[in-house]
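Listed here are the chains, written in short residue letters.
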Amino acid sequence: MDIESPDKLIELLDRHAYLADEGLATAVFLALKMGRPLFLEGEAGVGKTELAKTLAALLDAPLIRLQCYEGLDAAQALYDWDFARQLLHLKAAEAAGITDVSRLEGEIYDRRFLIARPLLKAVETQPSVLLVDEIDRADDEFEAFLLEVLSDFTISIPELGTVRATTPPVVVVTSNRTREVHDALKRRCLYHWLEHPSFDREVAILLRRLPDCTETLAAQVARAAARLRQADLVKPPGVAETLDWTEALLTLGAKELDPGLAAATLGAALKYREDVASVLGNGLLSHG
Amino acid sequence: MDELVATVTGFARTLRAAGVGADHERTGNMLRALDHLDVADRGEVYWAGRLTLCATPDDLPRYDRCFAAYFGGRKAALARTGTTSVTRHLAAEPEGEGGDDATAAPATASRAEVLRHRDVARLTEAERAEVHRMLAMLRTARARRLSRRFEGARRGVLDPRRTIRDALRKGDVARLRRKRHTTRPRTVVLFVDVSGSMAPYAETLLRFAHALVRSEPRATRVYSVGTRLTPITAELRHRDPGTALNEVSKAIPDWSGGTRLGEELREYLSRYSARGAIAVIASDGWERGDPALLGAQMARLARQAYRVIWVNPHKGYEDYQPLTGGMRAALPHIDDLVAGHSLAAFEQLGERLAHA
Chain B
0 MDIESPDKLI ELLDRHAYLA DEGLATAVFL ALKMGRPLFL EGEAGVGKTE LAKTLAALLD
60 APLIRLQCYE GLDAAQALYD WDFARQLLHL KAAEAAGITD VSRLEGEIYD RRFLIARPLL
120 KAVETQPSVL LVDEIDRADD EFEAFLLEVL SDFTISIPEL GTVRATTPPV VVVTSNRTRE
180 VHDALKRRCL YHWLEHPSFD REVAILLRRL PDCTETLAAQ VARAAARLRQ ADLVKPPGVA
240 ETLDWTEALL TLGAKELDPG LAAATLGAAL KYREDVASVL GNGLLSHG
Chain H
0 MDELVATVTG FARTLRAAGV GADHERTGNM LRALDHLDVA DRGEVYWAGR LTLCATPDDL
60 PRYDRCFAAY FGGRKAALAR TGTTSVTRHL AAEPEGEGGD DATAAPATAS RAEVLRHRDV
120 ARLTEAERAE VHRMLAMLRT ARARRLSRRF EGARRGVLDP RRTIRDALRK GDVARLRRKR
180 HTTRPRTVVL FVDVSGSMAP YAETLLRFAH ALVRSEPRAT RVYSVGTRLT PITAELRHRD
240 PGTALNEVSK AIPDWSGGTR LGEELREYLS RYSARGAIAV IASDGWERGD PALLGAQMAR
300 LARQAYRVIW VNPHKGYEDY QPLTGGMRAA LPHIDDLVAG HSLAAFEQLG ERLAHA
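Residue numbers (numbering that gives the first Met the number 0), protein chains in the order written: chain B, 0 to 287; chain H, 0 to 355.
Looking at chain B on its own, in the form it has when it is part of the complex (with noise of 0.2 Å):
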C-alpha cells in the first residue's frame, strides 16, 4: 500500500472509523516511512490502543499484542519451550532405550517444541503490527531488554539460531505515563502525545462509531463529557468511556440526555464511587 501523505493517512484511518488529526497522521506517517517504533503517551482512554488496533486492520496485518506487568520477563515475551512435550518426547525416547544425549537434544530443542511468545511471534510474522501495551507497567529490567529487541528486531534463541525479521514489524508502545520510561528507550521511537479530543471531534467519533447515535444526543453527551474533564476527577472520562455512555444511552433508547438517564447511566463513563458521588452532588449533569 502507498501511502504517500499524513493527509493520505488521515484518509485511511477514517475509512477505518478511527478519527486521526494532524499530528497522530504525521506521527504515524513517519513510524510507517522510518521504520520507528512509535510512542504513545496520554490519558487512559484516549485511544492509544484503539490506534494500534486500527493499524492493523488498515495494513490487512495481524495484531500481535504484548501486554505489560510488573515482572513480565523474557520468557513470557519472546518463546517459551513446551516443556511437558519436552519432557513426553524424553520418555518416549527413553523406552525406546535411546541414550544417544547429543541426538536427544537435537530433538528437543526442535522448532516444533517452542512457543513464540508477542515479540517472536512480531519477528516472524511478516507484516504485522505489534502493540507494545503499557509500558509503564513493566519494569526497567524489562524496558532495557525490549530496548535491545526493538534496536534491530533479531532474536537469538541459542538452542536454535537467530532469527531474524526481513521487513520490521510496525511498533506501537503506549504509556499512561504512571511512571517515567526510560530516555534510552524513548529515543528509539517517535513520540506524540495523545490529547483528549476537541468538542467537534469527540462528535464526530460518537456519529461514526455509533450510527444509530443522533446529533444531538452525541453533542450533549460530547458536551457533559468535556464538563466532566474539567470537573477535577479521580479518573476523568477518556474517548472509550463516552463511547460506552453513548452506546449505554442507545441501548435505553435515549434521544436526547436528560439528567435522569445521565445519572442512571453514569456508570459507564466514571468507574470511581467518589467520582460519580461528586458529579451527582454537585449537579454537574442537571445543565447543559
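Since the hints were made in silico from the structure, they are not lab data.
Keep in mind that this is a model prediction, so the values were computed, not measured.
Any given hint might turn out to be false.
[Said to hold, decoys possible] Once the Cα atoms are required to be at most 25 Å apart in a straight line, the calculated SDA-like pairs of lysine to any residue come out as: (1) 120/B - 90/B; (2) 90/B - 56/H; (3) 234/B - 229/H; (4) 32/B - 27/H; (5) 169/H - 88/B; (6) 90/B - 164/H; (7) 169/H - 112/B; (8) 178/H - 157/B; (9) 7/B - 30/H; (10) 7/B - 71/H; (11) 234/B - 56/H; (12) 270/B - 229/B; (13) 120/B - 148/H; (14) 7/B - 39/H; (15) 32/B - 45/H; (16) 32/B - 178/H; (17) 178/H - 139/B.
[As the list claims (entries may be wrong)] Now the stretches of chain B that chain H is said to cover, found in silico as 3 or more residues with beta-carbon under 8 Å: (18) 69-75; (19) 84-97; (20) 100-109.
The beta carbon of each residue, even a glycine, is placed where N, CA and C say it ideally should be.
Place chain H on chain B using the hints.
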C-alpha cells in the same frame, strides 16, 4: 554545512537551552523525519520536530514556545532561569545559638553521640556540617517484597527448564528441579516539604533523601513539595552530596513558599502511582490549601501505598500535638507518625524503611 542541517541544529540548540533534552541523536531523527515530509510546510516541520525532539508532556509547551520564536523569524532568548544555591535559600533562616565554629575539631565519640540527638534547626553551621557528613555515610537497607521473577531453589515450584536440562545430561528424569520467586527492594516515594516553615530542616531532609537514593537508586523516588510538585530523583543521583544538592536547588522553583500539599498529592496521584510503595511525607503539616482536599488525597495515597509514613520535625518533642489543620486531616490515613529533627531520628526512619 547544508542549510537545512544548520537550521535544525540551531533549533535543537534553542530547545536544549529551554530545557528540552533534544540531543544529537534526536536532532538526527528530526532530519531523517524531514526526508519524508515537506520542509516548506510549517505544519509538517512542526510535527517532525515535536515527534522526534520531545520526550515528555512537560517538553511540549517549551517546544511550542521555541518553535514559534525560532521559526517566527527571531531566535528566542530562552536561557535557563538563574541558578540559586541551597545555602542562599537557607541563609535567611535562624542560625544556631553557638555562633560560627569554623575550626571545629573532629568529632569525638561522645560529641558525635550528643550531636546525633540534637535538633538540626538548632545547630551551628559547623555542627550542621558534621551531621551532614554523617548523613552522607548513612546507608539504609530496604524492606523487600516478592517479585514475579524466579530463581533456582531447593524448595518451591517445579522448574521445567532446568529439569529438562538435567534429564538430558543424566539420561533420565531422575530429579525434579525447583524454583521460587526472587525478592526486590520495596520502592520508597519520598515527598520533601521545602516551604517556608520547613526551611530549617529542608537541607538536612534533602541530604537524607540523597542517602536513600544512593542506597537504593532504583527503588527510591523523591519529589519536593511546597507550592508545586517537582521530581528531583535524577538530581539526587549524583555521588557527591554537595553537587546533588546544588542540582536540586536549581530544579526546585518554589523554595520557602507556602504549602499546598493536597493539590500536589493530587497531581502526583493523577500522574504517577504509589502502588505497593512505602510513601513518606516529610512536612510539618502547615497546609495553606483546603485540609479536606488533603484528607481526600491522603486517603487515595493510603489505598495505593503499602505503607504511609509521615515525618514531622516537631514530633521529636514530647509535648508535640498534631493540631494543625493539615496534620489533623492527614492523620487518619497515616500508618506511622515519626520524628525527623535529628540524625538519630533519620537513622530510625532508615531502620523503619528496612523493616517496613
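* Asked: Out of the numbered hints, which ones does the structure contradict?
  -> Numbers 1, 2, 10 and 16, in rising order.
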